[in-house]
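Protein chains in written order, with this note's numbering: chain A, 1 to 326; chain B, 327 to 687.
Just so you know, these hints were derived from the structure itself, not from any lab.
It is possible that some hints are incorrect.
To be verified - Computed far set for chain B versus chain A, every beta-carbon distance over 10 Å:
1) A384
2) E515
3) A642
As the list claims (entries may be wrong) - Derived CB-CB ranges, DEER-like:
4) Q278/A - Y683/B: 22 to 28 Å
5) M538/B - E22/A: 42 to 48 Å
6) A370/B - L88/A: 43 to 49 Å
7) L175/A - T610/B: 53 to 59 Å
8) T128/A - P669/B: 52 to 58 Å
Yeah, the Cβ is synthetic: ideal placement off N, Cα and C, and Gly gets one too.
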Amino acid sequence: MAIMEFREAIRLAMIEEMERDERVFLMGEEVGLYDGAYKVSKGMLERFGPMRVVDTPISEAGFAGIGIGAAMVGLRPIIEFMTWNFSLVAMDQLVNHAASILYMSGGQFPIPIVFRGPNGAAGQLGATHSRSLEATYAHWPGLKVVTPSTPADAKGLLKSAIRDDNPVLVLESELMYSMKGEVPEDPDFLIPLGVGEIKRPGRDVTVVAHSKSYHLARMAAQELEKDGIDVEIIDPRTIRPLDIDLIVSSVKKTNRLVIIDECAPFGGVASEIAYQVQLRAFDYLDAPIVRITTKDTPAPYAKNLYEYWMPRLDEAIEAIKKVLYR
Amino acid sequence: MTDGTPTRTQAQFASSHTAELTPSLVGATYSHRDIGLSDEQVRAMYRLMLLQRRFEEAAAKAYGERKISGFLHLYIGQEAVSTAAEFAIRPDDYVISAYRDHGIALARGVSARACMAELFGKVTGCSRGKGGSMHYFSKEHNFLGGHGIVGGQIPIGTGVAWAIKYRGEERVCLTFMGDGAVAQGVFHESLNMAMLWRLPVVYIIENNEYGMGTAVSRAHATPDLARRALAYGMPSAQIDGMNVFEVYRGVKEAVERARREHMPSLLEVKTYRYRGHSMSDPGTYRTKEEVEAHRKRDPIVNLRHYMLEAGLATEADLEAIEREVRAEIEDAVAFAESSPLPPIESLYEDVYTDPDYPFLA
Numbered sequence: 001m002a003i004m005e006f007r008e009a010i011r012l013a014m015i016e017e018m019e020r021d022e023r024v025f026l027m028g029e030e031v032g033l034y035d036g037a038y039k040v041s042k043g044m045l046e047r048f049g050p051m052r053v054v055d056t057p058i059s060e061a062g063f064a065g066i067g068i069g070a071a072m073v074g075l076r077p078i079i080e081f082m083t084w085n086f087s088l089v090a091m092d093q094l095v096n097h098a099a100s101i102l103y104m105s106g107g108q109f110p111i112p113i114v115f116r117g118p119n120g121a122a123g124q125l126g127a128t129h130s131r132s133l134e135a136t137y138a139h140w141p142g143l144k145v146v147t148p149s150t151p152a153d154a155k156g157l158l159k160s161a162i163r164d165d166n167p168v169l170v171l172e173s174e175l176m177y178s179m180k181g182e183v184p185e186d187p188d189f190l191i192p193l194g195v196g197e198i199k200r201p202g203r204d205v206t207v208v209a210h211s212k213s214y215h216l217a218r219m220a221a222q223e224l225e226k227d228g229i230d231v232e233i234i235d236p237r238t239i240r241p242l243d244i245d246l247i248v249s250s251v252k253k254t255n256r257l258v259i260i261d262e263c264a265p266f267g268g269v270a271s272e273i274a275y276q277v278q279l280r281a282f283d284y285l286d287a288p289i290v291r292i293t294t295k296d297t298p299a300p301y302a303k304n305l306y307e308y309w310m311p312r313l314d315e316a317i318e319a320i321k322k323v324l325y326r
Numbered sequence: 327m328t329d330g331t332p333t334r335t336q337a338q339f340a341s342s343h344t345a346e347l348t349p350s351l352v353g354a355t356y357s358h359r360d361i362g363l364s365d366e367q368v369r370a371m372y373r374l375m376l377l378q379r380r381f382e383e384a385a386a387k388a389y390g391e392r393k394i395s396g397f398l399h400l401y402i403g404q405e406a407v408s409t410a411a412e413f414a415i416r417p418d419d420y421v422i423s424a425y426r427d428h429g430i431a432l433a434r435g436v437s438a439r440a441c442m443a444e445l446f447g448k449v450t451g452c453s454r455g456k457g458g459s460m461h462y463f464s465k466e467h468n469f470l471g472g473h474g475i476v477g478g479q480i481p482i483g484t485g486v487a488w489a490i491k492y493r494g495e496e497r498v499c500l501t502f503m504g505d506g507a508v509a510q511g512v513f514h515e516s517l518n519m520a521m522l523w524r525l526p527v528v529y530i531i532e533n534n535e536y537g538m539g540t541a542v543s544r545a546h547a548t549p550d551l552a553r554r555a556l557a558y559g560m561p562s563a564q565i566d567g568m569n570v571f572e573v574y575r576g577v578k579e580a581v582e583r584a585r586r587e588h589m590p591s592l593l594e595v596k597t598y599r600y601r602g603h604s605m606s607d608p609g610t611y612r613t614k615e616e617v618e619a620h621r622k623r624d625p626i627v628n629l630r631h632y633m634l635e636a637g638l639a640t641e642a643d644l645e646a647i648e649r650e651v652r653a654e655i656e657d658a659v660a661f662a663e664s665s666p667l668p669p670i671e672s673l674y675e676d677v678y679t680d681p682d683y684p685f686l687a
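For reference, chain A alone in the conformation it holds in the complex (with noise of 0.2 Å):
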């Protein structure tokens, strides 16, 4: 085990993946001479050179239709938005083509690519550049979702995504590309996509929280122990494929459910955990389940008004007490 930034483990996983196989190559805005925009592919250029690590012009639907084209022929390209909330621009090319390709085909044509990148608000910056988009992909059979919370899950899942043969989108919340955690440094170090994790064990409630948001559950959870109050924390880790079973036998031992999640609450990652949970458990619940989300608006940039759109701890903490009716 090794102490590593968020970012390094990233760019560990994709060295690795590298290094094992040849059709993997990295592209996208700035990955290159700049060594990216959150200098995630620092060094890499240098390393396996510029067919290899792909400097682009702004062109996200062109760039992501390119890693498409060089997947349906057998390369496993991992593509890089400097931010998710530029993929819009590219949305054609990931739901309409990299998500429908296999499927279109009668299976003749797998479509093993990665794309990744910073997701999800990250300080005060407008509406454009702060949407958390797992919801919106998540919503289109063909592409898995993949949301790492820690460096060694961000490590584990972008190798396994690498290594999918199917059209993965890991979504590295923009926060926490910072963030230290213990990495192992075994090459063959994956974690299985689909597969959520325990990460606290507890017995009053199930938190259901992925990425960053999972930071947020881990500090109200501290938070309530001073009450006595015991939280278990689920953290899917993919969104699709969903580890609904992980989470259902959670809520059957705690009876109560809250779910923290940044995307719109309108037809998010809660909403569909929320309708699973009471499709599979309903007997089993002591409460109606909680969502905490951002709130129901684009994001704004004045300070006061950001940080109240965010989820927050305060009322995370509130949403755990409501469902133990304390």
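Take the given structure of chain A and dock chain B to it, following the hints.
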């Protein structure tokens, strides 16, 4: 065109191509042998064009009889483009197209049976009944689809060329599109990157004069679509798409340039579709006279006259080809009709490569 003629640059564009449009193969200033085609290849070209025409006539009939559904965009009138392009490349080269894809798939060698069965939504179709008219695919033939979003296939074809270069292969990707796709942003993004990175891709605009019901002149500020290449310093040409030899010459030159120099090209092939945009479109935005004028330059009739004139075939030979093609299409329709529908279980197949993917209800 490939025998030492210097590579065309954008500067030569204006003078060289529009003026070369020839009204007919008969009386052309060169013969098929001058451009490297054997007598046998010309006969095969004729047969291939006829196959596409008869295939689509049969498809239109089946659509009228409600045996097939969905959108059906017919290629009738444009057969010289797919045919000549196929003769200008090798089987190991790649081809990707938009939704008007029947002729292009047939030209690649996908069987009439597999193509017809796909229209009938049968499991024996070239996409196992999952794609339909707009989404033909055949890995075996290096035919990468069949794409239903206008312009969506352009960056994908560019990416195929990227992979060719990445692996150091001497292959080429032909990327077909209609005139409508030229207005999409990805067209420009793709051309920019293809030229920036010198990718072995040949973009072929099949300019059939209408993007759905909107004439090219009503949709494009500069209706000479080949000129868009000037902005990227990319070699380009405007070609008569009703003349199969002209298309062959143009594509061949571009393909050699892509293969040898990794230099992309943009070809605007001026063609015409006789039918509406799709089966639901009667095409009332065009006059009868306009359609008739184009029919007079029909690429199949054109080649037929040439073959008779040049002694490549007798009337009896051509009739024999016609009979053969009709039999092949009748067989394809019978095959499609008698093939089974995809089993319901196949609904969940090939969404992911994982056979055990946990779908949520």
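| What hints, given by number in increasing order, does this structure fail? | 2 and 8
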